[in-house]
Amino acid sequence: MAQEKDPAFVKFQGIEKRFGKVVAVKKMDLDIPEGSFVTLLGPSGCGKTTLLRMLAGLENPTSGDIFIKGKRINDTPIHKRNLGMIFQNYALFPHKTIFDNVAFGLKYRDVPKANIREKVEKALETVRLPGVGNRMPSQLSGGQQQRIALARAIVIEPDVLLMDEPLSALDENLREDMRREIDNLQQELGVTTIFVTHDQREALSMSDKVVVMKDGFIQQEGVPEEVYNNSANHFVADFLGHSNFLNAVVEDRENDFLRVRLEDGSSALVTPSGDFASGEKAEIVIRAQKMKLEYSRNHNSEEKMNFFSGTVVDRSYMGGEVSYFVQLPGKQVLHVINFVKRSPYRRGDEVVITVDPYHCRLLKM
Amino acid sequence: MKNMISGWTLIKLYTVFIYVWMFTPIVAVVILAFNPQQFGTFPMEGFSFKWFVKLSHNSTILDAFKNSLVLGSLTAVFSTAIGVPAAMAFIRYDFKGKEFLNTLLIAPIMIPEVVLGVALLLFIRWLQQPKSFVLLLVGHVVLTLPYVLLIVQARLVGIRKEYEEAAMSLGASPFQTFREITFPLLAPAVFAGMLFAFTISFDDVTATLFWATAQNQTVPVKIFGMLRNSISPEINALGAVMIVLTISIPLMAGYLSRRFAGKAGK
Chain A
1 MAQEKDPAFV KFQGIEKRFG KVVAVKKMDL DIPEGSFVTL LGPSGCGKTT LLRMLAGLEN
61 PTSGDIFIKG KRINDTPIHK RNLGMIFQNY ALFPHKTIFD NVAFGLKYRD VPKANIREKV
121 EKALETVRLP GVGNRMPSQL SGGQQQRIAL ARAIVIEPDV LLMDEPLSAL DENLREDMRR
181 EIDNLQQELG VTTIFVTHDQ REALSMSDKV VVMKDGFIQQ EGVPEEVYNN SANHFVADFL
241 GHSNFLNAVV EDRENDFLRV RLEDGSSALV TPSGDFASGE KAEIVIRAQK MKLEYSRNHN
301 SEEKMNFFSG TVVDRSYMGG EVSYFVQLPG KQVLHVINFV KRSPYRRGDE VVITVDPYHC
361 RLLKM
Chain B
1 MKNMISGWTL IKLYTVFIYV WMFTPIVAVV ILAFNPQQFG TFPMEGFSFK WFVKLSHNST
61 ILDAFKNSLV LGSLTAVFST AIGVPAAMAF IRYDFKGKEF LNTLLIAPIM IPEVVLGVAL
121 LLFIRWLQQP KSFVLLLVGH VVLTLPYVLL IVQARLVGIR KEYEEAAMSL GASPFQTFRE
181 ITFPLLAPAV FAGMLFAFTI SFDDVTATLF WATAQNQTVP VKIFGMLRNS ISPEINALGA
241 VMIVLTISIP LMAGYLSRRF AGKAGK
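Those sequence lines, one after another, are chains A and B. Using UniProt numbering, read the first sequence as starting at 1 and increasing by one per residue. Using UniProt numbering, read the second sequence as starting at 1 and increasing by one per residue.
Hints were generated in silico from the structure; no laboratory data involved. Where a beta carbon is used, it is the ideal one built from N, C-alpha and C, also for glycine. Be aware that one or more of the hints could be misleading.
Claimed, not checked - A few chain B residues facing chain A, derived, Cβ under 7 angstroms:
no. : residue
1   : Glu-162
2   : Tyr-163
3   : Glu-165
4   : Ser-169
5   : Leu-170
6   : Thr-246
As the list claims (entries may be wrong) - Dumping the calculated BS3-like pairs for lysine-lysine here, alpha-carbon to alpha-carbon at most 27 angstroms:
no. : chain 1 : residue 1 : chain 2 : residue 2
7   : A       : Lys-281   : A       : Lys-341
8   : A       : Lys-122   : A       : Lys-96
9   : A       : Lys-214   : A       : Lys-27
10  : A       : Lys-364   : A       : Lys-331
11  : A       : Lys-364   : A       : Lys-341
12  : B       : Lys-98    : A       : Lys-21
13  : A       : Lys-107   : A       : Lys-96
14  : B       : Lys-161   : A       : Lys-80
15  : B       : Lys-54    : B       : Lys-66
16  : A       : Lys-281   : A       : Lys-304
17  : A       : Lys-80    : A       : Lys-5
18  : A       : Lys-107   : B       : Lys-54
19  : A       : Lys-71    : A       : Lys-96
20  : A       : Lys-209   : A       : Lys-69
21  : A       : Lys-26    : B       : Lys-66
22  : A       : Lys-96    : A       : Lys-26
23  : B       : Lys-161   : A       : Lys-96
24  : B       : Lys-66    : A       : Lys-21
25  : A       : Lys-290   : A       : Lys-341
26  : A       : Lys-209   : A       : Lys-11
27  : B       : Lys-96    : A       : Lys-21
As the list claims (entries may be wrong) - Computed footprint of chain B on chain A; a stretch qualifies when at least three of its residues, placed anywhere within it, have a C-beta under 8 angstroms from a C-beta of chain B:
no. : region
28  : 78–87
29  : 94–106
Generate coordinates for the entire structure from the input sequences, incorporating the hints supplied.
Right, here's the structure in full:
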């Protein structure tokens, strides 16, 4: 029988950090449930790393409190917090063997010698690198070094695993593998994990909860699908995936949708997020992947769909899909991503963009 | 095209000339040390170790040698013992007046040794203390500390803070982190700094002339004194020994620090 999971295993309460005049993290409240994988996502300088470093004890909060398992840890020094930390540049001790690196944390935990060997070997097996104990860190590849860093962090059975952009030093293909590996490992161990990244794909693919940050504020937190599909504001919609923004004025309600008028005079049906009054100025968000292109000459009007006609001004081939940039009569350019078809559209082609009102979300300005 | 080639040739010749001009006196000293004649003339008539033998029986020289070795070693130890924690503080921590204090400690490199020599003497007189070995040692530590500081700081900058942060996150206290991580990674620089301190102390004339008493004369000061009376070929032999020591020690330091650095990786 599994014990009740603590919904606020890690708790930030009114946490704030200033560096001189710069406020890195502003009066933030955040609960992290036990056993969950939470990602702090945002552009550089958004405060995500500072938040992580405060939890680790590498920075002192200017004000506010941090709790782990209900215990306030503000004044607990870093080496008594029992956290596993993974760094961007692995930070394996270059003068120690892999074995000594992984065993490092156990030395300070009253683990008997014989058990140390056993635990280290088990940790190395967990990260699928058994038998490298005698090698030096410099003899391993980047991906291997990061797996050793992972082994070194999990072998001490930390309360929380902290990862600071652990994949950004790896190259593209390896990153994908490591992403899955970290995800699987976290599920297997069930250790509460906080993962800092600026890469939305990492955040969306691994997390139970994504916390989108900007300028020291939380912009939105939620499960990946919610943050992606129901972005709370312009920033989140823009930061995650490829979004198009159109200014609009609300006209009236039509069943579940709102009828809005665009700047070029055309009208569209949209899904409102929140309450809108007639005549209110707002912004439509449309994901590049949710729009479909067809030639103007093949186009048949269909009920309950939105249409925008325009001209293809640019395109870029990305393997499985193609990015098109379509200019509307009002000079605005929409970014459309479609799967590769037999005859891709070319520059100058007259096209019609079709999009379901369900995928046109109306946001407050 | 032709002009360009001759231009380069000119520069090469000029370079060679500079080197010859710089090293001839040194080479001459070493060669003359093996000259059996009382007065060194070229070409040499024969080859002998007699001045070296004579040197090894000269008790004042041997005393001076002993003084130099003891002083150099102690200087190296104290300079490192002060320099390493200071470098740690300057690189790893932020505190008020950091820049000022750092400049202050590096300053002896920029101040002429004569000034430094006189200043310390005046200071000791103001304290109404006699000249002593301790004064000499303090002086040499002041002289060599900047080198230790600069070398250790340069290496510390290269050791990423993440290593220390990782160690502490794994449960090592700040002291254990220093012992297990920082110091081993820093060791080549500490060692190199120590050897530099030793060599500089071993070599110093100007400031030491002001500070040394009759009992604790160092080798360079002794040579300086001997030159005033006569130009004995013994000095050539002594010079040769000094040259070998002062060149080989830094070379060894450089080699060792590269070797250790290579082992420690980046």
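Against the structure, the hints come out as follows:
no. : hint                  : in the structure
1   : Glu-162               : holds, 4 angstroms
2   : Tyr-163               : holds, 6 angstroms
3   : Glu-165               : holds, 6 angstroms
4   : Ser-169               : holds, 4 angstroms
5   : Leu-170               : holds, 3 angstroms
6   : Thr-246               : violated, 31 angstroms
7   : A:Lys-281 / A:Lys-341 : violated, 37 angstroms
8   : A:Lys-122 / A:Lys-96  : holds, 19 angstroms
9   : A:Lys-214 / A:Lys-27  : holds, 13 angstroms
10  : A:Lys-364 / A:Lys-331 : holds, 23 angstroms
11  : A:Lys-364 / A:Lys-341 : violated, 36 angstroms
12  : B:Lys-98 / A:Lys-21   : holds, 20 angstroms
13  : A:Lys-107 / A:Lys-96  : holds, 14 angstroms
14  : B:Lys-161 / A:Lys-80  : holds, 19 angstroms
15  : B:Lys-54 / B:Lys-66   : holds, 17 angstroms
16  : A:Lys-281 / A:Lys-304 : holds, 22 angstroms
17  : A:Lys-80 / A:Lys-5    : holds, 23 angstroms
18  : A:Lys-107 / B:Lys-54  : violated, 59 angstroms
19  : A:Lys-71 / A:Lys-96   : violated, 34 angstroms
20  : A:Lys-209 / A:Lys-69  : holds, 19 angstroms
21  : A:Lys-26 / B:Lys-66   : violated, 65 angstroms
22  : A:Lys-96 / A:Lys-26   : violated, 40 angstroms
23  : B:Lys-161 / A:Lys-96  : holds, 17 angstroms
24  : B:Lys-66 / A:Lys-21   : violated, 58 angstroms
25  : A:Lys-290 / A:Lys-341 : holds, 16 angstroms
26  : A:Lys-209 / A:Lys-11  : holds, 15 angstroms
27  : B:Lys-96 / A:Lys-21   : holds, 17 angstroms
28  : 78–87                 : holds (count 9)
29  : 94–106                : holds (count 4)
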